Amino acid sequence: MDKKYGAYICTGCGIGDALNIDGLAGVVTGEMKMDCKTHEALCSVAGREMIQIDINAGVNTIVVGACSPRVMQDEFDFGEDKITIRANLREQVVWCRGENPDDEYVQELASDYLRMGCTQAKKTELATPYQLETISKKILVMGGGIAGMTAAIEAANAGYEVTLVEKTDKLGGKALGWRKQFPSKAPWADLESPVVGDMVKAVTGNAKVTVKTETEVARVAGAPGDYLVTFKAAGAKSEWDAPAKVAVDEQDKIDKGQLPDPNDGLQGYMKENPDGEKFGSVVLATGWVPADVSEYEHLNVAHDKVVTNAQFEKLAKEGKVPARVAFIQSPGGDEHDKDFPYCNSVTSMVALKQAKYVREDNSDGKAYILYQHMRTPGNMELFYKATQNDEGIFMTKASVTGVAEQGGALVVSAKDTLLNEDITIEVDMVVLAAGMVPTTKSAPSVNLAYRQGPGFLDLDLFDGYADSHFICFPYETRRTGVYTCGGVRKAMPMDEVLDDATGAALKAIQCIESADRGVAVHPRSGDTTYPEFFFQRCTQCKRCTEECPFGALDDDEKGTPKPNPTRCRRCGTCMGACPERIIGFKNYNVDMIGSMIKAIEVPDDDEDKLRFLVLVCENDAYPAIDMTGIRRKGINNLVRFIPVRCLGSVNMVWIKDALSSGMDGVLLLGCKYGDDYQCHFVKGSEIADKRMANIGETLGSLGLEPERCAMQQVAITDYDKVPDIIQEFVDQIVEMGPNPFKGF
Amino acid sequence: MSEGMRVEPDLNFIKYLKSAGGDSVKKCFQCATCSVVCPLSSDGNPFPRKEMIWAQWGLKERLAGDVNVLLCHQCGDCTAYCPRGAKPGDVLGAIRAYAYTHYGFPQGLAKMCSSGKNFPLLLGIPMVLIGLLWFLSGGMHVPSVEIFKEAGFGHFFGEGKVLGGLLTKNVAFIDLIFLPAFAFAAFASFKGATAMWNKMSTSVNANQDYRPSAKQFVTEFLLPSMVETLQHKRFNECGTNQNRVKGHLPLVLAFIGLFIVTNYAFIVKDIIGYFVEGLHGPIAMGNPIKILANISAIAMIVGVGILWANRSNTEESQGSSPTFYDWFLIGVIMAVGITGLGAELIRLLGIPSFAYFFYYMHLVSIFMLFFYMPYTKFAHMVYRTVAMAFERYRESGFVIKAD
Numbered sequence: 026m027d028k029k030y031g032a033y034i035c036t037g038c039g040i041g042d043a044l045n046i047d048g049l050a051g052v053v054t055g056e057m058k059m060d061c062k063t064h065e066a067l068c069s070v071a072g073r074e075m076i077q078i079d080i081n082a083g084v085n086t087i088v089v090g091a092c093s094p095r096v097m098q099d100e101f102d103f104g105e106d107k108i109t110i111r112a113n114l115r116e117q118v119v120w121c122r123g124e125n126p127d128d129e130y131v132q133e134l135a136s137d138y139l140r141m142g143c144t145q146a147k148k149t150e151l152a153t154p155y156q157l158e159t160i161s162k163k164i165l166v167m168g169g170g171i172a173g174m175t176a177a178i179e180a181a182n183a184g185y186e187v188t189l190v191e192k193t194d195k196l197g198g199k200a201l202g203w204r205k206q207f208p209s210k211a212p213w214a215d216l217e218s219p220v221v222g223d224m225v226k227a228v229t230g231n232a233k234v235t236v237k238t239e240t241e242v243a244r245v246a247g248a249p250g251d252y253l254v255t256f257k258a259a260g261a262k263s264e265w266d267a268p269a270k271v272a273v274d275e276q277d278k279i280d281k282g283q284l285p286d287p288n289d290g291l292q293g294y295m296k297e298n299p300d301g302e303k304f305g306s307v308v309l310a311t312g313w314v315p316a317d318v319s320e321y322e323h324l325n326v327a328h329d330k331v332v333t334n335a336q337f338e339k340l341a342k343e344g345k346v347p348a349r350v351a352f353i354q355s356p357g358g359d360e361h362d363k364d365f366p367y368c369n370s371v372t373s374m375v376a377l378k379q380a381k382y383v384r385e386d387n388s389d390g391k392a393y394i395l396y397q398h399m400r401t402p403g404n405m406e407l408f409y410k411a412t413q414n415d416e417g418i419f420m421t422k423a424s425v426t427g428v429a430e431q432g433g434a435l436v437v438s439a440k441d442t443l444l445n446e447d448i449t450i451e452v453d454m455v456v457l458a459a460g461m462v463p464t465t466k467s468a469p470s471v472n473l474a475y476r477q478g479p480g481f482l483d484l485d486l487f488d489g490y491a492d493s494h495f496i497c498f499p500y501e502t503r504r505t506g507v508y509t510c511g512g513v514r515k516a517m518p519m520d521e522v523l524d525d526a527t528g529a530a531l532k533a534i535q536c537i538e539s540a541d542r543g544v545a546v547h548p549r550s551g552d553t554t555y556p557e558f559f560f561q562r563c564t565q566c567k568r569c570t571e572e573c574p575f576g577a578l579d580d581d582e583k584g585t586p587k588p589n590p591t592r593c594r595r596c597g598t599c600m601g602a603c604p605e606r607i608i609g610f611k612n613y614n615v616d617m618i619g620s621m622i623k624a625i626e627v628p629d630d631d632e633d634k635l636r637f638l639v640l641v642c643e644n645d646a647y648p649a650i651d652m653t654g655i656r657r658k659g660i661n662n663l664v665r666f667i668p669v670r671c672l673g674s675v676n677m678v679w680i681k682d683a684l685s686s687g688m689d690g691v692l693l694l695g696c697k698y699g700d701d702y703q704c705h706f707v708k709g710s711e712i713a714d715k716r717m718a719n720i721g722e723t724l725g726s727l728g729l730e731p732e733r734c735a736m737q738q739v740a741i742t743d744y745d746k747v748p749d750i751i752q753e754f755v756d757q758i759v760e761m762g763p764n765p766f767k768g769f
Numbered sequence: 450m451s452e453g454m455r456v457e458p459d460l461n462f463i464k465y466l467k468s469a470g471g472d473s474v475k476k477c478f479q480c481a482t483c484s485v486v487c488p489l490s491s492d493g494n495p496f497p498r499k500e501m502i503w504a505q506w507g508l509k510e511r512l513a514g515d516v517n518v519l520l521c522h523q524c525g526d527c528t529a530y531c532p533r534g535a536k537p538g539d540v541l542g543a544i545r546a547y548a549y550t551h552y553g554f555p556q557g558l559a560k561m562c563s564s565g566k567n568f569p570l571l572l573g574i575p576m577v578l579i580g581l582l583w584f585l586s587g588g589m590h591v592p593s594v595e596i597f598k599e600a601g602f603g604h605f606f607g608e609g610k611v612l613g614g615l616l617t618k619n620v621a622f623i624d625l626i627f628l629p630a631f632a633f634a635a636f637a638s639f640k641g642a643t644a645m646w647n648k649m650s651t652s653v654n655a656n657q658d659y660r661p662s663a664k665q666f667v668t669e670f671l672l673p674s675m676v677e678t679l680q681h682k683r684f685n686e687c688g689t690n691q692n693r694v695k696g697h698l699p700l701v702l703a704f705i706g707l708f709i710v711t712n713y714a715f716i717v718k719d720i721i722g723y724f725v726e727g728l729h730g731p732i733a734m735g736n737p738i739k740i741l742a743n744i745s746a747i748a749m750i751v752g753v754g755i756l757w758a759n760r761s762n763t764e765e766s767q768g769s770s771p772t773f774y775d776w777f778l779i780g781v782i783m784a785v786g787i788t789g790l791g792a793e794l795i796r797l798l799g800i801p802s803f804a805y806f807f808y809y810m811h812l813v814s815i816f817m818l819f820f821y822m823p824y825t826k827f828a829h830m831v832y833r834t835v836a837m838a839f840e841r842y843r844e845s846g847f848v849i850k851a852d
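Chains as they are written, first to last, in this note's numbering: chain B, 26 to 769; chain Z, 450 to 852.
Only chain B is shown next, with the shape it has when bound in the complex:
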């Protein structure tokens, strides 16, 4: 595209009062060689008309020096075929200049933002969406329980072909074993007959749904829109089973014969099965297994009258249940307040349901529910109330201390009860509230033929549940195109499963349609850029393939990466990782940010005018800084912010660029990482932290203080802390003195 530039400075919102606009315009026209116009309210109809007139006259690359790029996005959208770059003069210059600022410093700050904006405009290219050669819009649903069947029906009703795979010989899953199910309608008081039979009929009768029972998925290869799936008979072995991940050093040992090859006899993950079937996306609804409670010996778990809730449901479905039953919701003993593992709210409601069985089957039935926590969300509170109102159902918070046999009956003892004393209860049966363990805990389940292995990553973070950035993006897994729902995602009751599976089906559809349009699904939904590789200079170092948080990159036998753009989330972690700097996006690349850094004017003879570069995660830290400005809190004006897609995309050459151009320190502001990470790309800030530690060492070897580079974790709510974090960093370096390489 032949670029014709136009730069525009807004003087509204206090910008014109605080800055010498003519001076700024001079920087743009003089240094940056761009036409520059000003307007008192650029976002107004008149302001935009002024720009539009220039566009009509041929301008196609627009630099807007006004408010934050996070606001007025529709106002400054001049069409997909135009490039618009925003320089943040309002929130991050004028509004955060603090009380009694030095006007000269503020003017220099604004000038640098315009220099960076114009440079960015020069380095930005229009993107063309990545297009798959062929696309499959079929959806694969793994697991034929309530969740899988719901997802299948919902996707089919939305017009998509669905294949539903079930390991056993019939659809229905765990629900087939239920005697009754929870209330689903007002007054939310009465148990209902299971509807699973109707659902099975609906699925088998749906022309768009192909059901494969007694079938398993051997492997899912390929990428969203273009998955290649191999099926096999349930329980059988296949050469197309998904290969295990083999690390580089393990491969060395295997090659030397020191280690058996775990993938012996299996086809490599890059091999394409000619008999495979194409799919667009995958819904994983492989469900759960009852938790193992055998470790709780004080509850006499070996006794044949001490059963789990799953076993009790079976007894209740087959016949009459005993008249006196204790439902133990928490192991008690030394664990005290803890519940049985994987319980969530479901086990509370199961106990209420099963207590009703005791009352239904026995006129003198007595059901005791001993709990630490009774969880009945939403309308289930009404179910709880109705159950509580039954004169034969007794509930108390209690710490169960033991279960013992005494004269043919079981005696449950408990302390810390609501009755304000230790109690014992004689019962015929004890039911333990075993939770729902996701199938992903013990097996890969999804069986991907990916370089990073067949299963999900970092399962330990969430007790075996697929890592999903649960609060912000509950449906996402670490594998684009694979959406979990039902028991495999969370221990949940049926009404929740219905919603959950519907949501997963919609995500699966969104993924296919995004792949079809060549745009990112999530979290940069609609992004038309994707990482492009200049393979001639690739050294097969495998850093990108290893570090990609989403397993988007496979590789060939030599180790050359094979990008799968439809798996990609466009975070740029690969770009940050690449030592050869051969990965980049059309509008975001190593050269572009590097040039912007170099565009910052660094005075080499003024000890007061130090310059600091702060690379800011645009997801949380950048809005936090905007909010600092909105609240008119001052931020040190020696600092220049550059937003990045994710700290994972920060290439260490930028640090070098900044320091070699005489800047005095570089700070990275990104999301929290660790167990309760907030990184939108899961691993980005964590990876950046490791890279910064490494670069610190390099700086040390060059005689520079490693402290000149630092990283800080910031939450989106930390707008009040940001000024202090930055000031502390600046003060520390002011104390060290200027960058000794300044001026060279």
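No lab work stands behind these hints, which were simulated from the structure alone. Quick caveat: nothing in here was measured; it's all calculated off a predicted structure. For glycine and all other residues, C-beta sits at the position ideal for the given N, C-alpha and C. Incorrect hints may have been included.
To be verified - Chain B side only, calculated, beta carbon under 8 Å to chain Z, not exhaustive:
no., residue
1, Gln413
2, Asn414
3, Glu416
4, Ser438
5, Ile448
6, Thr449
7, Asp453
Given the structure of chain B, go ahead and fit chain Z onto it with the hints provided.
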């Protein structure tokens, strides 16, 4: 292993509570709002929270021996503030109804008085008994207006004297009916109250070496409790049902007034009248005793009328269930007042037939009020007074404190 209280819920007890006004008992979720608002509750004794869970779990023995249940005078604060609609006040009422039956002597009679199903029987027994004696006395005929005007109800059970001239026939029959009835009720009350005292005593550590004498019991525990009752101090602490004092106080005073009148009549007519002729007719309207009687009768009707209205309001506004336990007492007292005053008014109007019918019903209702007293809500007169005495006893030096 197996330490701690063995819990064996009594389903029938819970069903009884539900039928006797405590239908909301199972709703309690132990938030303790009731204990925060209840003036009877203290730090270590969260009343009525723990009573609610005992009731939910059907622990009737615990509740029967719980003094607080009887000290509660149903001010209604707990019910008003309960966020769950568990109506602790109503549940406690049901527990009290259960307790009166539980301690009632003899049990058969107590059980009979606990259910509205037996109301025809409860009404039928005194109607037949008094009717039969009326028939046997030979007085069962309507007198002439003149005789009625002169003798009033003095010839209700016939004329003449009996027992060798010791008593008039009329007085003899009335004594024959009511003295045994009062005596029986007093004895049954004593039995029940003793059983309750013993039960409650198991919850405190009584000093075995140093026990109160009968005199000490009366002067230190019983009398102060009665005085306190008379002052209606605790009622006045109530928040929600504040206006119950307006009904209960006139009612109590009316009973005291009528007690004085009855005793006056007993002494003057039955004893002095034995020596002095002419005291057998109705007391003159100007007689201070007659004035007291009439004021008391009106106070009784007004008092019970206010309580009636309160009860109806409570049922409407707080959704309390109407119970036999509550309405039997209100109904019978109202009947006593209406029939008594009615009989008097009709006597003054000079219509013997109506007057005799009212008088007959008056006797029947008085019999019901007092003969069934130990087993109906009226028993609170005894049990609550004893419980208040026990409360004083518990705080006294006769009990060794835990700490």
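Hint check results:
| no. | hint | verdict |
| --- | --- | --- |
| 1 | Gln413 | holds, 6 Å |
| 2 | Asn414 | holds, 5 Å |
| 3 | Glu416 | holds, 4 Å |
| 4 | Ser438 | holds, 6 Å |
| 5 | Ile448 | holds, 5 Å |
| 6 | Thr449 | holds, 5 Å |
| 7 | Asp453 | violated, 14 Å |
Against the hints set out earlier in the document, a violation occurs for number 7 only.
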